[in-house]
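Visitor: Sequences are here, hints too, so could you generate the full structure?
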Amino acid sequence: MVNLDKLLKSTEDINGLLARYGVKFGIYKNGSFKEQLFPFDPIPRIIGKEEFSYLERGLKQRVTALNLFLKDVYGKKQIISDGVVPADFVYAASGYLAPCEGIVPPKEVFSHVSGIDLVLGKDGVWYILEDNLRVPSGASYPTIVRGLERRCSPRTFHDTPIEDNRNYPQLLRHVMDYVNTGGMNVVLTPGRYNAAYFEHSYLAEQMGMPLVTCNDLEVEGDTLYFTGYAGRKERVGAVYRRISDEYMDPMTFNPESLIGIPHIFDVYRKGNVALLNSPGNGIADDKGIYYFVPKMIEYYLHETPILHNAPTYLPFYEEDRSYVLEHFDTLVIKDVAPWSSRTWRRPAATASCSAISSARRRRSDSAP
Amino acid sequence: MDSPVCRHHFTLRCVPRTDARQRILELRHFLFPSDWLSCSRDQWGNALLYGCCGGQQSCFEANVCGLAETGLAVDTPAEHPGRERVFSFATPLTEADSALRAFSESLSLRTGSFAEMETVMQRVHEALSYQPGTTTVQTTAAEAFSMGCGVCQDYAHVMLSLLRAQGIPSRYAAGMLLGEGKSHAWVEVLHEGVWTGYDPTNCLVVSDQHIKLSHGRDANDCAINRGVFRGVAKQKTDISVIVTESEERRLC
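Chains as they are written, first to last, in the working numbering: chain L, 33 to 400; chain Z, 370 to 621.
One or more of the hints may lead you astray.
What the hints assert, rightly or not - For lysine to aspartate or glutamate, the following EDC-like pairs were computed, each having C-alpha atoms within a straight-line distance of at most 20 Å:
1) Z:K603 with L:E288
2) L:K265 with Z:D404
3) L:K103 with Z:E453
4) L:K109 with Z:E448
In short, the hints are calculated from the structure, not lab data. All of these numbers come straight from a predicted model, not from anything done at the bench.
Guide: This is how it looks when you write it as structure tokens:
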């Protein structure tokens with residue numbers, strides 16, 4: 033039994049410390065930017081060792097398959113020619129970024145940090161809700177809170193064997209060193225008006241590397257440089273960038289971007305810098321592609337998926353379409369139309385059931 | 370620019386490459402001003418010439434000249450046959466609206482054969498009238514089609530939209546035409562493993578008078594000049610293309 037007495041009594045202290053450290057997240061509301069404290073809840077969700085390692089195995093398997101999918105889909109496209117994933121779901125998806133065609137990132141790693149959303153169903157089964165492979169955020173909050181908890185209530189952690197999570201920044205730095213192409217590591221933030229700015233600064237501090245904005249980085253020829261306070265240029269080999277693909281390089285992506293670094297994508301294409309996560313990952317965490325992840329695991333790894341998707345129906349396929357039309361009122365309908373992302377949540381929806389409508393050209397065919 | 374700017378970064382797609390149809394025998398380029406220059410290839414294999422000028426400037430000039438041998442073949446074989454399906458999907462600029470979809474259906478395309486494509490090219494040529502200044506680089510195929518006018522970019526986008534509505538793989542090609550004028554654009558269609566060029570603006574099958582600079586899904590993939598700078602200047606871009614037949618050719 034976990035001894036929580038002291039921890040429960042320390043709730044206010046911990047919330048006070050979180051306020052002092054500025055553990056905040058930003059919210060844009062009615063056009064103005066507000067920062068809010070992250071409220072701390074001392075009641076833990078306990079996951080037993082056995083269940084934890086089951087989840088760990090399942091997540092590793094899933095992320096490995098997703099990484100292989102990304103390499104394939106921007107490369108040989110075997111999974112499309114073998115008919116496992118229809119071409120429509122790749123090329124018409126907003127997450128597919130054509131400029132990434134043919135690029136293999138350093139050490140063949142696409143998704144260095146993956147945020148996989150899990151939900152525990154009423155049936156006691158864990159389901160995958162969605163994958164986040166672009167710019168996942170949130171890892172710093174449990175890390176910093178754990179440190180405070182241990183200070184306020186050392187007994188709880190002394191008496192109970194609890195897996196430590198405070199090595200997250202070290203693990204991340206290790207990954208950065210592994211993919212680094214030569215040069216220093218930096219954390220790139222869009223700036224202090226980003227919702228997760230606290231996290232950017234915290235991780236940079238913990239990993240012992242500079243927190244930079246677009247003004248600190250510059251491309252010259254085929255190399256990315258960091259200019260320090262003294263004006264000295266230093267080569268950059270890995271960028272943990274907390275800025276989305278679209279805004280990263282105005283020369284290749286959104287030309288309106290003021291927070292990007294011109295030509296950084298050209299340096300990346302030549303293999304002279306590692307970007308974490310790699311650009312183009314949006315195709316693998318797309319709502320339509322989600323349906324195919326269990327098939328990917330079988331296709332690339334020849335294994336049975338350990339973790340299951342929430343039951344999902346794709347009206348692209350005849351049999352799924354009739355199920356969706358019959359159970360329309362009890363399903364969560366998500367639109368996978370290109371160039372838009374709308375989700376309609378019906379009041380009667382259940383958490384463990386979702387359907388994905390295949391929009392695009394075929395939408396008119398699927399209407400009854 | 371009407372006032373000085375700084376930190377000008379540019380990417381140019383103005384260098385033709387050797388392929389089955391054309392061979393580049395000589396190539397010189399002159400870009401001014403720039404602190405550094407580099408070259409690369411984009412995802413479709415187009416040559417990129419890019420660089421930056423950090424200091425102040427109010428004018429940027431890029432000159433590319435060379436000697437190309439054209440008409441070596443009519444078609445270009447597909448380089449990665451398995452990877453060309455991306456070109457059968459519409460992009461925001463080539464997305465068909467109901468009018469374009471109805472037009473596309475009325476053409477009753479079956480195979481994407483040469484004869485069918487000649488018909489499509491002719492129908493596009495008839496559906497639009499050439500009127501410079503009526504459209505911009507942002508104009509979509511659907512907008513140009515409903516106005517019934519445009520320039521070579523719009524002709525190409527309308528044709529791409531019609532073909533892609535039927536799932537026929539087709540791509541945008543930017544290039545130059547014999548004579549003096551602006552840059553040009555046409556369409557390439559994939560059929561039985563080879564790309565064939567059709568020029569709906571002139572209602573011509575692409576011949577030895579066309580020199581290709583780049584290709585892609587639409588005009589966005591083939592922008593001859595793309596750049597960012599710091600400053601509040603208004604800018605004006607002039608593109609001038611001169612293609613003449615060389616002495617050697619005339620002697621042959």
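Visitor: None of the hints should be skipped; say for each whether it holds.
Guide: Status of each hint after checking the structure:
1. Under the criterion of a C-alpha separation no larger than 20 Å, the hint pairing K603 of chain Z with E288 of chain L is consistent with the structure, at around 16 Å.
2. Pair hint K265 of chain L plus D404 of chain Z holds up; C-alpha atoms about 16 Å apart against a cutoff of 20 Å.
3. In summary, the hint linking K103 of chain L to E453 of chain Z is supported, as the alpha carbons are separated by about 17 Å, within the 20 Å threshold.
4. For the hint linking K109 of chain L to E448 of chain Z, the alpha-carbon distance of about 14 Å falls within 20 Å, and the restraint holds.
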